[in-house]
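Once you've looked at the hints, dock chain U against the given chain F.
Protein chains: 2
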Amino acid sequence: MYHGAMEFFNVEHTDGKARAGVLKTAHSTIQTPVFMPVGTRGSVKSLSQHDLDELAPEIILGNTYHLYLRPGHELIEKVGDGLHGFMSWNKSILTDSGGFQVFSLSGLNKIMEEGVRFQSHLDGSYHLIGPEKSMEIQRALGSDIVMAFDDCPALPNTTEKIRDALERTIRWAKRCKDYELKPHQNLFGIVQGGLDLSLRVECLERLDEIGFPGMAIGGLSVGEKNDEMVELLTNFTPKMPAHKPRYLMGVGTPLDILNAVKTGVDMFDCVLPTRNARNGQVITSRGPLNIKNQQFKEDQGPLDPDCSCKVCKRYSRSYMRHLYTVGEYLAGQAITYHNIHFYLNMMREVRAAILSNKFDEYYENFYKSYKLGWKQ
Amino acid sequence: MYHGAMEFFNVEHTDGKARAGVLKTAHSTIQTPVFMPVGTRGSVKSLSQHDLDELAPEIILGNTYHLYLRPGHELIEKVGDGLHGFMSWNKSILTDSGGFQVFSLSGLNKIMEEGVRFQSHLDGSYHLIGPEKSMEIQRALGSDIVMAFDDCPALPNTTEKIRDALERTIRWAKRCKDYELKPHQNLFGIVQGGLDLSLRVECLERLDEIGFPGMAIGGLSVGEKNDEMVELLTNFTPKMPAHKPRYLMGVGTPLDILNAVKTGVDMFDCVLPTRNARNGQVITSRGPLNIKNQQFKEDQGPLDPDCSCKVCKRYSRSYMRHLYTVGEYLAGQAITYHNIHFYLNMMREVRAAILSNKFDEYYENFYKSYKLGWKQ
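Chains as they are written, first to last, in the working numbering: chain F, -18 to 357; chain U, -18 to 357.
Isolated chain F (complex conformation) (with noise of 0.2 angstroms):
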């Protein structure tokens, strides 16, 4: 059993506001604060098991919407005994509860009470989520960290809608804790509540009587301004229970991420590294670079001069620039891997700076060294 809190996680050390802990799941043992590369369809894309076994997260999410429409939860369940067993990946999983793409990706969408009615994007068959089907279809996943369905509204928008989504968050939160998950599964709570601080407060409050083991922040890094964003955090993070994990959903750069672990948060997950790596972007300790640029043509240097994983190691930028420019899948593959290094070092590097009391430090080494570009 792991979804007594004492036992699920513990706060090691805190350094100003921001924390360095353990979170322990049937598969894992997770340092936080921790980066969570984002396994959509049951493979980080671009990278290999193998890859990831290299990279060491301990940790990876995957996608229940899509999941649900291919190749389904049954399946998943039937062949592999859940996700872990069906993609061969032993250490941690952590699955949304498919409201978040339910949105944003399917077709017609209704919200209703029992759940979403929304098409396919696939084939634009016609399917239902609520609460009940989002725990079935993450039970069968049997990720270690289960996310509770929730209406996420994007930004900005008025205060009814936020309130009406926040209600009905909690009132889905409810029926989510009440369906029966397998043992080793941790049910996380989601907030909402915009960018209004009380009613953030409010719907933390709410779900905390339901009680879950850990609260996830949702309904940020959707429209809004990144100022307030920011803002919002380091007024809400930290009246979040400081013996549970925090979790701050779809957020983000290196800088984001960086300021959200000052106001307190413990885990990440975001598309960027992966997804830009597809497009040429390299995350560097200079801030991004675009392999693509005519400046990259003839550099023989790595991509990242201050990284040590093995595509810095051994392939140069103007190599890394010939394979995007003609379309070679290794550009996208090395680049991938070494932007899933970078979050995952830097995360590293956090921690042990909140450890030795020196995030302060680190926070603007880091900043300063990130804004320097590649330009000059």
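Derived from the structure by calculation, the hints contain no laboratory data.
Predicted model, so just to flag it, every value in this text is computed and none were measured.
Among the hints, erroneous ones may be present.
The list treats identical chains as one, so a pair stands whether inside a single copy or across any two.
[As the list claims (entries may be wrong)] No farther apart than 20 angstroms at their CA atoms in a straight line, the calculated lysine-lysine pairs in the PhoX-like style are these:
#	residue 1	residue 2
1	Lys294	Lys278
2	Lys291	Lys26
3	Lys278	Lys59
Leaving out everything else, chain U in the frame of chain F:
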């Protein structure tokens, strides 16, 4: 210097007409019969150089036509001191002459005595590649084995056209021979002559007078029937100089390769294992398997139960089918890895069989198993 045939290549053992040899270049020692994975544009598609380190081919191929157009041979020489440095690959490389692609890929092309004038398939720009230009490009690429620029007519064709191409191939071969390559480079001649044995023998003898440390059989697998190719090889290969490596260009399926080894061929290349992988075709001990097929939907077994590669050890057919169906990159990557492993492993087994005078037995067993299929 690696031009001396005695030093460059030695036949260690023969079993019937099948040969086990050793070919030495400045970059590696290659055991033959050998299959050379194709790295058209400086990358074996879907594989990383780290993957290649694991799969351990001693030689791979690069394509002159493609690398000339992008990124350009001058850049490769400038940045990487040749293709080895550019792509970070320190085993051997063979480059083709560009002739085949000039005919098969480019737009308008015109054969003249100085070479072939053609339009780039990328932007329609005009170029001329002849013997000297091909040598200039391959010199810059720094490949260990350089192919002479030949005229390769499609089959079937008129005797006049075949004779014409043969004469031009010989004139061009002389000009290639006159071009000064780098000391470590070895220039191979290419025998043309269609399906006409006497033309083939004539071409061979006249090329042999010019003098090359290795000899390739070109102009096969270009439209003729499989039986016709096997018959030509059966009669022709044994007439090739015994002390020089024999390279059958662009062939083929595992059975094609075994058939050619049986006649005494030493070297092979083909895009089949890489290209077909990306189309979902898995090469197995029981013949090709189409991972898209419904029958594999719930199949928990490995791609090839007889294979020991890391892909077969880790993933199920069901998972691979899912990845292929949804378009995940890992499908092509993993199947390519397996297919190349299959080819390289087969060649190692073939060589061991020859060394122990059991080639015919190996051939029979392989053939029987390969024809079984997965359908019954």
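A quick look at each hint next to the structure:
1. Lys294 with Lys278: within (18 angstroms within a copy, 39 angstroms between copies)
2. Lys291 with Lys26: Close inside one copy (18 angstroms) and across copies (19 angstroms); limit 20 angstroms.
3. Lys278 with Lys59: Answer is between: at 11 angstroms across copies they meet the 20 angstroms cutoff, but 49 angstroms inside does not.
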